[in-house]
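Colleague: Chain residues, written in single-letter form:
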Amino acid sequence: MLLLQILADGFVTGCAVGVVAITFAYVYSTTGVFHVAHAGVYTFGAYVAWYLLQQGLPFLPAAAISILSCAAVGALIQKYVYETLARRHASPLVMLIAALGLLAVLQNIVAMAFSPNILQFDLPWRLEMAMVGTVFLSYPQIAVVVTSLLILAGLMWFSSSTLLGQRIRAVASNPSLAEVTRLRPNRVFVIVLAIASGLVAVPAILTGVDQAIQPYTSILVLLSAVIAVIAGGIGSLIGAFVLAIVISMVLNVSILYLPGRWSLAFTYTIFIAFILIKPTGLFRTRVQRAS
Amino acid sequence: MLAKLKPLLCAAGGLLLAMSVSAAADHDITIGAILPLTGPAAPIGLQEQQGVTFAVDRANADGGVQGHKIKVLFEDSQGKPDQGVLAFNRLVDLNDVPATLTAYSSISIAIAPLGTRREVLIINPAAQSDKLADASPFLFNTIPLVRDEAAVVARYALEKLGKKAAVIYENAAAGIDGAEDFKKVFVEAGGEIITEEPVEFGQTNFRSVLLKVAAAKPDFVYISVTQGQEAFAEQVGQIPNFPVAVGNTFSTPFFGYPSTVGWYHTAIKSGITPELEAEFNEKFDTKEMGFFSREYFNSTNILIQLIDHVLTAGKEVTGPNLRDALLEIKTFKSGIADITFETNTAQREVEIMQHGEKERIKIDYTPSK
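Here the protein sequences come in this chain order: A and B. The numbering of the first sequence is UniProt numbering, which starts it at 1 and goes up by one. The numbering of the second sequence is UniProt numbering, which starts it at 1 and goes up by one.
Among the hints, erroneous ones may be present.
Claimed, not checked - Simulated coverage check for chain A against chain B, where a stretch passes if three residues somewhere in it have a Cβ under 8 Å from a Cβ of chain B:
{"hint": "1", "segment": "4-10"}
{"hint": "2", "segment": "74-83"}
{"hint": "3", "segment": "106-116"}
{"hint": "4", "segment": "120-129"}
{"hint": "5", "segment": "179-193"}
Rather than coming from a laboratory, the hints here were simulated on the basis of the structure. Beta carbons are placed, not taken as given, at the ideal position from N, Cα and C, and that holds for glycine.
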């Protein structure tokens, strides 16, 4: 019973981390930017929703505006930071440093504009619990699972079955050729950042509703997500999502058998070993950027 | 004629301005405050800043200290020892402050040797690591350390709640010290720690730790965390049969949740008059003058009292003179607390409180011999 409950909690956390992972992977495989500022957008989304709720807006409109705000922030980051740096032939390291800077800026803007406090959403249903089989989950936890699976399915469908999705994949596989064939990679990159940033707001809001929000905790979420992206096989959305769930469940279960202080180190040691054995990741790369 | 005089007039004006600025600067007495104003510890740092500002603004509104305005230079430690050291050096090297307030154990420990070397008085109003007891002859703690609180609650819990305890602690200096001190006293007195689990600073998901601890079925849980109590309490409410918990001063924010009714915590006795709290709330648009604001307000007032004492004695306001004044005065009484320094750490009364549904109840407890 205890094991099942802990596994269920790990699964929920894994779903939230999974969305961060697949959206991060979507950006990385398309633009080639190691977009660590994604964690800042995650934080921003949760705080915008919290603020709008405080202003009296119902939950769904507040969440929708937050998603759109994050999409706009993502698009602006691509348009005015990454694109500008790319025009100036910035190296990947410079891009990474810019992304780290953006992360710090976003977190501090959130802390200054809203509050550096750990904040709770004022929603009557957020502490309600439901029995799912033999385990109990809060309503926001159930919402995290449902929306995360929908986002995964939706993004995979979008990527493979829509014209825009196929265009994004074409640009991802060879940006230079895409430029020549008038696929306008810069515009595609802006769209990708907007999609990824909008989607990442969903788990950010729901996890915040379930637990609390804090400007600086998203870095740990991003760390797990990045490991999932690498271990799952860079470019594989399903790989990143599955590995995010596995990592979160292992992390949770390890607490049962190890003193808590060792669980993080234990979990990541397993994945270092895993990467050493299978450096390409668990799943075959779906989208391979041209070298 | 006027055109010829213009440069001369400008120069004279500039000189007068410089002299007046210099005179004002000489007139002011500048102190420092190294607080975590950004980063995960900022929620507490901002409360502390309000306490300091409140005390200084009140003193200056009354004409300052013997005609000298008090000026505070706030430095942001970000909750990090290295930044704390840089902040201390900035205060001393650039502004020559004779005294500074500090916050957080790791930062206070890091700057303590610098206080000794540079002879700067350091007042610590809230950090509670045991290492602060003798960190520097220039560092004074206006609050008892965690061992003082842990000893009281460990004896009470053993006597009233049971011999099997679980410990949940924050993986940071104050959290670790709180847990270690509790364990030491509890085990020496015949208790047993059946499980201990850390949580990270700023963590918001406690479920797996809470599930593990509840499954161990201790008689009670000792909690030593300084942040995230609200999320913690709510998640406790989602765990069936979670045992009763005890904690220290930092457990005060657990009050007000259905899941924490019946929990105990130690509290360092401190009060506030309704008039003062109303004035504070009006100034900062807050609902209450919280623990940290009260402690920093009180400690800043102690520092102001020391400055007054030194000036009255006709001495220069320096770190060593302020330290001598503190050791000479020894006892500081205010509406917040009565504080006595027999050592570098204040002696203050430690109470045991229990969370009721609507109020916290003081427990009458005398340890059995």
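Colleague: It remains to establish, for every hint, whether it holds in the given structure.
Modeller: Hint check:
| no. | hint | result |
| --- | --- | --- |
| 1 | 4-10 | holds (count 4) |
| 2 | 74-83 | violated (count 0) |
| 3 | 106-116 | holds (count 4) |
| 4 | 120-129 | holds (count 3) |
| 5 | 179-193 | violated (count 0) |
In this structure, the hints that do not hold are numbers 2 and 5, in rising order.
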